[in-house]
Structure formats: C-alpha cells, structure tokens
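Use these hints to put chain B onto chain A, whose structure you have.
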Amino acid sequence: MKTIALSDKHIALGAKMIEFAGYNMPVSYSGLNDEHATVRNAVGVFDVSHMGEFILKGENALDLIQRVTSNDAAVLTDGKAQYSCLPNGKGGIVDDLLVYRIDEKTYMLVVNASNIDKDWNWISSHNTKGVDMKNISDKTSLLAVQGPKAIDALQKLTSVKLADIPYYSFAKGNFAGFDNVVISNTGYTGAGGFELYFENEHANKIWDAVFEAGKEFGIKPIGLGARDTLRLEMGFCLYGNDIDDTTSPLEAGLGWITKFTKDFTDKNFLLAQKEKGFARKLVGFEMIDRGIPRHGYPIVDAAGNNIGVVTSGTQSPTLSKAIGMGYIKTELTKADTEIYIQIRDKNIKAVVTKIPFLKK
Amino acid sequence: MIFPENLKYTKDHEWVRVEGNQAYIGITDFAQKELGDIVYIDVTTLNETVGKEVVFGTVEAVKTVSDLFMPISGKVLEVNSKIDAKPELVNSDPYGDGWMIKCSIDKTDELTGLLSVTDYKKLIGV
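Protein sequences, first through last, are from chains A and B. Under my numbering, the first sequence has 128 at position 128, and the numbering climbs by one with no breaks. Under my numbering, the second sequence has 1047 at position 47, and the numbering climbs by one with no breaks.
Hints are computed from structural coordinates only; laboratory data are not their basis. Be a bit skeptical, because a hint or two may be false.
[As the list claims (entries may be wrong)] Pairs of lysine-lysine, DSSO-like flavour, derived with a Cα cap of 27 Å:
hint	chain 1	residue 1	chain 2	residue 2
1	B	K1122	B	K1033
2	A	K321	B	K1033
3	B	K1122	A	K346
4	B	K1082	A	K346
5	B	K1122	A	K321
[To be verified] To give an idea of the interface, some chain B residues facing chain A are shown, with a C-beta separation under 7 Å as derived from the structure:
hint	residue
6	K1063
7	V1117
8	D1119
The beta-carbon is built from N, C-alpha and C at its ideal position, and this holds for glycine as well.
Looking at chain A on its own, in the form it has when it is part of the complex (with noise of 0.2 Å):
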C-alpha cells in the first residue's frame, strides 16, 4: 500500500485510515455527519495527496489534450483551469480530470489516484509529436481546504489576493513561506475554497499552517467519506462509480464538456450519439419512502420490470434524506418521475430529481 507525505499525521490526529485506490487513506475523523457540516459551514481540510498530477510541456501540449481529452482546453488562457474527461476510444470514459494551463507550452492535468497508470498509459499512447510529459504525482502533495470560510483562514497565509481568483482559476505564489504553491479555486464540495498544490517535502509545515490560521473559523481535517457525501449533494460524478469506461460522458451528463467544435477521442461516436439520441441517462433521485440507495441496486418502474441501475447513493447529511444517482432508461428520466429502487428485495418508492440536491 502507497502512502502520502502526511498519513502519519493522520493517523496521529485519530483517523480512521482505509485503503483507497492502493493508498493508505483517512476515511474519517470526527464522524462523516461533523465533518460534512463543518465543510458546509465553515471550513474544513482534506488531504487528497492521492490523486495524479502530469505535467506537459512542448509546443504540442496543447494539441496532444484537445486529441485525447473531450473539452475544448484551447479555451483556456494562463492561470485558468477546465473540468474535462478523457474519451476510451470505445465510446466510454477513461477517467475524469482537471486541466490547468499554467503558460502557452506547459499544461497541468490532474486525475484520480485509481487510474493513474491507466491515465499515463493511454496519454503517452497519444503522444506522436514529442510532448515532454512528467508524472509528478508522487512527488506532489495536494490539500484542499473547503468550506465558507476557507478564503478568510487562507487569506492570512499568501499576499496573492485570493478574492481575485475566479472558480476555476489559479495562481502560482508564495504561500506559509513557500514558493510555487498553486492555489486554485477549485474543489469537489459545492462549498467553495481553495485547492493547494506543492511538493511533499512542504507538507507538513503547510498543513500546521492552514490549521493554525483556520483555528478561529473552527478548521477541522475531513476524511473520504465526508468527501463522498459533499460531492453526491451537488450530483458531481465519481469515476467508478458515476462514470467509467462503460458509460458515455452524454449518458453521464457530461455534454457540456463535450465539444465537438474540435477534434478528439470518440468525437465521431459521440456526435453520432448525441444525435441518435441514447438509451439510458445518469439522473439524481430521492427517496420517497425509507431506504438508502447503494451503488449496484437495481432501479425498477411500479410493476417491477428492470429500468436502471443506482450508481451512488448515500444519507444526505446538508438535506436529512436520502439521495442517489443512477443511469435510468432515458423515457423515464423526466424530473418527478416515480421509480423504485430495489433494496434487499424490497421495491423502495423514490423520485427523478434535477441535480444539483443541494440548491443555492
């Protein structure tokens, strides 16, 4: 099993550590519901050092993501940042990523930690015209601090003025003494906050300091769980569950980073999709009557006949009942629309809802 530069400090702290993605994770520390919350309210850390960073550097970086990825990154202007997805070739995803242009020549892709290799393998696969590509990911640590009160505790720590940082938008600056540091104003929350970027060597003294100047906001460390629960309220996918190689980013909801005003991956098989049309759709629902949805039940219509298949599902803590996202045929995917999702024999009452469950 893998480690990140802080699992002793972790595991010092009290967390529950759980295997994830081949790394020695914290899942939880003051319990999923206090952890939720104190992201929800005021500020909380996670430490998601797990995941891949790539950089690529060359004056065909540029072409070699618009080829392998679906967004169009020619979009992007220095210090931005897109949510795009790599297309398998075979009409599915190969993983879910941020691109971040840090100049004209060097790009930043950021994926998750289960498919690191996977990710490197089908890139440099693409890599006809002599991109340099580095894989810095066991080298980078990466903290995100999220929450509404995130900015104030962050703010204390860098002269670069965090307020003028779009969603979605970074800088490269000194932060608790250190240079480089990528501040971006990312996150997986719907919370709002920062994601930080630096080399492992950094971790520790960057850590105590984002706790030290969250101190008054009540800062708190966060596990997975708590990660999972934030990002399932706003009805952002997780790849393996939500997405994988199987399912289409159309399917999945993910047009609106499927431009076809260039060329890439699956362009063709996709454009054809979106115009055909396809057979099932990823959609929100919640629970009617008791049950919590899981990844793998079955979603079936009144009389019992087989319509779909829950892809995550959880307690929501922010809204007190239970939500889920599951692929559904795509005729019964209308927002209201009455299903039963089929827990231990049991045909649960539940209902289409629009995603994001957590309104502004």
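What follows is chain B alone, placed relative to chain A:
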C-alpha cells in the same frame, strides 16, 4: 471503547444482555464506530421466531449498510422505538438506549456459545 463485563458478545459485533428468560440485543461500541453515523435500523422480523445467526434486520449508516444477525434463537418480542426517532442513540449509547431488540431465549444452551468480554476484545484486537 467500552465493553461491559456483564454482557455476552458475538463475532458479528453484537451484544446480548440476559434478563430472566428474555434477552436484549444490540451492537457493540466497536461496531458503531466502524459503521459511523447511523441513519436507521430496519427490523423486519417483529413477532417472528428467528434462528441463531439468521438476519433479523439491517442497520443503515451514511456510508454503508450491514445485516444484523440473531446471536441466539428466539422470538423477536420488541423493537426499541427510541432508536426509530433517534438512530444516533446507537452511536452515542450502544449498550443503553441504543439497544435494538428484545427476544425470547428459546435454547438456553446457545448462551454458553457466546463470547465473553475477554474473548471479544481478543477478537477485535483491543
């Protein structure tokens, strides 16, 4: 973590408290910690006679779901109504207000097969 001396335990992380010819059943402090924040307890076997190690219900936590097994054979006589409205009692008071069911003891010899507090602690390595 707390493991009262006067209870019997199972490898499925449940406890049994014998009161005359009836038994109270719940999950251990270790189990509630592993499950995390509990959302509800679904007992589907009220007034039914359920065999030893057969599922009498399920416990749903935010992150996961787990079956609940009968530590002994018996009839499910009562479900704790307090935890229906306040499932968090299972987290905060697993041996007290967080008890789950009361059942009859149909085969007294099954009680001797349950784990002592020492054996249970050994099992979970504390």
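A quick look at each hint next to the structure:
no. : hint                : in the structure
1   : B/K1122 <-> B/K1033 : holds (17 Å)
2   : A/K321 <-> B/K1033  : holds (22 Å)
3   : B/K1122 <-> A/K346  : violated (38 Å)
4   : B/K1082 <-> A/K346  : holds (25 Å)
5   : B/K1122 <-> A/K321  : violated (38 Å)
6   : K1063               : holds (5 Å)
7   : V1117               : violated (23 Å)
8   : D1119               : violated (24 Å)
In terms of the numbered hints stated before, the structure departs from hints 3, 5, 7, 8, listed from lowest to highest.
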